[in-house]
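Residue numbers (the working numbering): 1 to 105.
Because the hints were derived from the structure by calculation, they are not lab data.
Ideal Cβ positions, reconstructed from N, Cα and C, are used throughout, including at glycine.
Careful, some of the hints might be misleading.
[What the hints assert, rightly or not] Cβ pair distances, simulated, as ranges:
#1 R70 with I93: 21 to 27 Å
#2 T40 with A66: 28 to 34 Å
#3 K69 with G95: 36 to 42 Å
#4 A50 with R70: 21 to 27 Å
#5 R90 with S44: 35 to 41 Å
#6 T20 with A94: 48 to 54 Å
#7 A50 with L75: 53 to 59 Å
#8 R10 with T103: 46 to 52 Å
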Amino acid sequence: MTTQAKPRGRDTLLRGSFYTLRRKCGKPSCRCMAGRLHATPALSYSLGGATRLLTLRPQDVPEVKAALKRYRQALSALDREALAGIRALRRRIAGQKADARKTRK
1 MTTQAKPRGR DTLLRGSFYT LRRKCGKPSC RCMAGRLHAT PALSYSLGGA TRLLTLRPQD
61 VPEVKAALKR YRQALSALDR EALAGIRALR RRIAGQKADA RKTRK
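Turn these sequences into a full structure, and let the hints steer you where they fit.
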């Protein structure tokens with residue numbers, strides 16, 4: 001997996017799901033006909049409303065899994081930050097309402 005498009009000073013983030021494709025090749029004498037299916041690692045992701053699939057080389061799997069984990073962690077941190085912003089806004093609005101009530105009396 002190349003990292004040419006990686007922003008400077010940041011580790012790669014990937015959105016999507018890692019899974020293993022399992023399938024039969026169709027050759028009559030192959031082990032997959034007996035149920036031992038061929039396995040290929042893949043990344044599933046959505047782009048423009050369509051689900052895309054990117055098959056991976058075995059050597060790319062650790063990097064892809066790490067990038068998926070970093071994305072989940074970054075998303076979780078962003079959610080926490082957004083919730084903190086909502087709490088701060090609610091406190092500020094509540095304070096302004098309290099001040100407005102005091103000045104009306």
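In rising order, the numbers of the hints this structure does not comply with
1, 2, 7
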